[in-house]
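Listed below are the residues making up each chain.
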Amino acid sequence: MAELLSLEEAVGRLVHDGDTVALEGFTHLIPVAAGQEIIRQGRRGLTLVRMTPDIVYDQLIGAGCASKLVFSWGGNPGVGSLHRFRDAVQHDWPVPLEIEEHSHAGMANRYVAGASGLPFAVLRGYTGTDLPAQTETIRPITCPFTGERLTAVPALNPDVTIVHAQRADRSGNVQMWGITGVQKEAVLAAKRSIVTVEEIVDELEPRPGAVVLPAWVVSAVAEVPGGAKPSYAAGYYERDNSAYQAWDEIGRDREEFTKWLNELKGVKA
Amino acid sequence: MSTDYTADEMMSIAAARALGDGMSCFVGIGLPSKAANLARRAHAPNLTLIYESGCLGAKPSHLPLSIGDGELADTADAVVSVPEVFNYWLQPGRIDVGFLGAAQLDKFGNINTTVIGSDYHDPKVRLPGAGGAPEIAASCGEVFIVLRQSPRAFVEKVDFVTSFGHGTGKGDREKLGLPGKGPTLVVTDLGLMRPDPETAELTLTELHPGVELDQAVKATGWTLKVADDLKVTPAPTEQELTVLRELEKA
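If you read the protein sequences in the order shown, they are chains A and B.
Position 76 of the first sequence, counted from 1, bears residue number 76 in the working numbering, the numbering being contiguous throughout.
Position 20 of the second sequence, counted from 1, bears residue number 1020 in the working numbering, the numbering being contiguous throughout.
Excised from the complex, chain A in its bound form (with noise of 0.2 Å):
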């Protein structure tokens, strides 16, 4: 059952170090705010799982949370690179940081797999390109039907997964709705969960299309509003294209990133 808790009681109850850690939100409703909590608190060793790691896991990584990433798309929507997975790639600064390299088709449907009690998902992907060469957990299958050659990704089941939604009541029932992305599949895929909100209200109103996670399958809410800035939340606010088109100045220098980091945790300098 969810409990309400604040961001900072959230992160430091359910997120550990070594933790394989799932943050989602597919441009709307990335959850920043809870990405620079686990910054704050120093988390070390986690395994990054995203499919979009864009600015948010540029933090991460940057300020040397992550040991490792698994992910589809590593860059700075519409902007460009991202700096600072490319310094842990290419540089291994702050710190090597391995990867595990997929598809986007490849991680909704290990998420798919995880969210169905699944030890594998099944489908027509990759072929003819150099990922399954790279990428462990990308194996050819055999249809038992049709005899044909299809692709198999293991589940991804993340020990924790955190994301961001417009609103839940005091009991802990999450509503979200627009681009919902594969937040769903990434919630059930999760042992523990962690929302944070726009707002808890006395009452959801139903809503044509929403997302409604029950509670009793979210671990804890944190009401946490504009926690998805600077990308948007429908309804709330819009996305900040100028604050993506500013991390490409922050990110690109290590001296730069270093001062934002310092004052992220507050430390003088």
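Check the hints yourself; a few may be wrong.
As the list claims (entries may be wrong) - Below 30 Å or equal to it, Euclidean Cα-Cα: the simulated DSBU-like pairs (lysine-lysine) are:
#1 B:Lys1059 x A:Lys229
#2 A:Lys68 x B:Lys1124
#3 A:Lys229 x B:Lys1249
#4 B:Lys1157 x B:Lys1231
#5 A:Lys259 x B:Lys1124
#6 A:Lys68 x A:Lys229
#7 B:Lys1249 x B:Lys1059
#8 A:Lys259 x A:Lys68
#9 B:Lys1181 x B:Lys1225
#10 B:Lys1170 x B:Lys1157
#11 B:Lys1231 x B:Lys1181
#12 B:Lys1157 x B:Lys1218
As the list claims (entries may be wrong) - From the structure, some residues in chain B lie toward chain A, with a derived Cβ separation under 10 Å:
#13 Ser1053
#14 Asp1122
#15 Ala1133
#16 Ser1139
Claimed, not checked - To spell it out: a stretch of chain B is covered by chain A in this simulated footprint if at least three of its residues, at any positions, have a beta carbon under 8 Å from a beta carbon of chain A; those stretches are:
#17 1061 to 1072
#18 1077 to 1083
#19 1086 to 1100
#20 1153 to 1167
#21 1170 to 1178
No wet-lab data here; the hints were simulated from the structure.
The structure presented is a predicted model; accordingly, all values stated were derived computationally and were not measured.
Every residue, glycine too, gets a C-beta built ideally from N, C-alpha and C.
Put chain B on the given structure of chain A with help from the hints.
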């Protein structure tokens, strides 16, 4: 009529023209998104735009910066989950065209967006990676690619095959059982390339107005084959330029 336009504008317009009315198009971000939105505004009002964020039939009024901007969801016919967009919509071959960009492209239309350099574990440049592209390239009816032409981008052989084009030549897709036709058109700032019907090697079939053949040859990292009946792309019309500029401004 105004003939004042940039090479990038010519590229976007030439790419947009390839999309016919009534088609469905899986849209990559950046140049493909610009071209697809231009097509929908200029000549193909019934073009269905599909974004990997789960937006089916998006009709944005301005160019989205990311593939998941709120505008895409707000204007879509339907917003579905990411597993659904790949499993139900892309994988069974429901989508006519996949529109992709690339960091490196080779003469058989194979795309690299993963690493520059021969060692995956110690790359010269780490690129963003695959995203939706491998399955888009495999499963769409055909694939259009748009990118600026330079010897660094147009290479004899890509350092890493992120998305499969025609492999090492004609017949490779069939051998692997890939359902779609693969890349049928490459649009650059200098001209158009299409796979040779016999060999599948990308061949220059059109030059944009004012571009010399030598420029296109020099901007290609392999010995570029040129079609016997090399044509010149029609220059952008005033209407196309107006729509494009409005789109970029909005």
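Results for each hint:
Annotation: proposed proximity of Lys1059 of chain B to Lys229 of chain A holds, straight-line Cα distance about 25 Å (limit 30 Å). Using a Cα cut-off of 30 Å, the hinted pair Lys68 of chain A and Lys1124 of chain B holds, with the two alpha carbons roughly 20 Å apart. Restraint check: the Cα-Cα separation between Lys229 of chain A and Lys1249 of chain B comes to about 25 Å, which is no more than 30 Å; the hinted pair holds. The straight-line distance between the Cα atoms of Lys1157 of chain B and Lys1231 of chain B is roughly 27 Å, inside the 30 Å bound, and the hint therefore holds.
With a C-alpha separation of about 27 Å, the suggested pair Lys259 of chain A and Lys1124 of chain B falls inside the 30 Å cut-off, and the hint holds. Under the criterion of a C-alpha separation no larger than 30 Å, the hint pairing Lys68 of chain A with Lys229 of chain A is consistent with the structure, at around 25 Å. Distance hint between Lys1249 of chain B and Lys1059 of chain B is fulfilled; the C-alpha atoms sit about 16 Å from each other, no more than 30 Å. Distance hint between Lys259 of chain A and Lys68 of chain A is fulfilled; the C-alpha atoms sit about 24 Å from each other, no more than 30 Å.
A C-alpha spacing of about 21 Å is found between Lys1181 of chain B and Lys1225 of chain B, which places the hinted pair at or below 30 Å, so the restraint holds. Using a Cα cut-off of 30 Å, the hinted pair Lys1170 of chain B and Lys1157 of chain B holds, with the two alpha carbons roughly 15 Å apart. For the hint pairing Lys1231 of chain B with Lys1181 of chain B, the CA-to-CA distance comes to about 24 Å; that is within 30 Å, so the pair holds. For the given pair, Lys1157 of chain B sits about 17 Å from Lys1218 of chain B by alpha-carbon distance, which is consistent with the 30 Å threshold.
Hint status for Ser1053 of chain B: holds, given a least beta-carbon distance of 5 Å to chain A, under 10 Å. Satisfaction of the interface hint for Asp1122 of chain B is found here, the shortest Cβ-Cβ separation to chain A being roughly 8 Å, below the 10 Å cut-off. Evaluation of the Ala1133 of chain B hint against chain A yields a held restraint, the C-beta minimum of about 7 Å falling below 10 Å. A hinted interface residue such as Ser1139 of chain B counts as satisfied when its beta carbon comes closer than 10 Å to some beta carbon of chain A; here the least separation is about 7 Å, so the hint holds.
Chain A is given as covering the segment 1061 to 1072 of chain B, and this holds because 8 residues of the stretch bring a CB closer than 8 Å to a CB of that chain, at least three being needed. Only residues whose beta carbon comes within less than 8 Å of a beta carbon in chain A count, and the segment 1077 to 1083 of chain B has 4; three or more means the coverage holds. Coverage of the segment 1086 to 1100 of chain B by chain A holds [criterion: at least 3 residues with CB-CB distance below 8 Å; count 4]. Residues of the segment 1153 to 1167 of chain B with a Cβ under 8 Å from some Cβ of chain A number 6, which satisfies the need for three, so the listed coverage holds.
Coverage of the segment 1170 to 1178 of chain B by chain A holds in this model, with 5 residues showing a Cβ closer than 8 Å to a Cβ of that chain against a need of three.
Violated hints: none; the structure is consistent with every hint.
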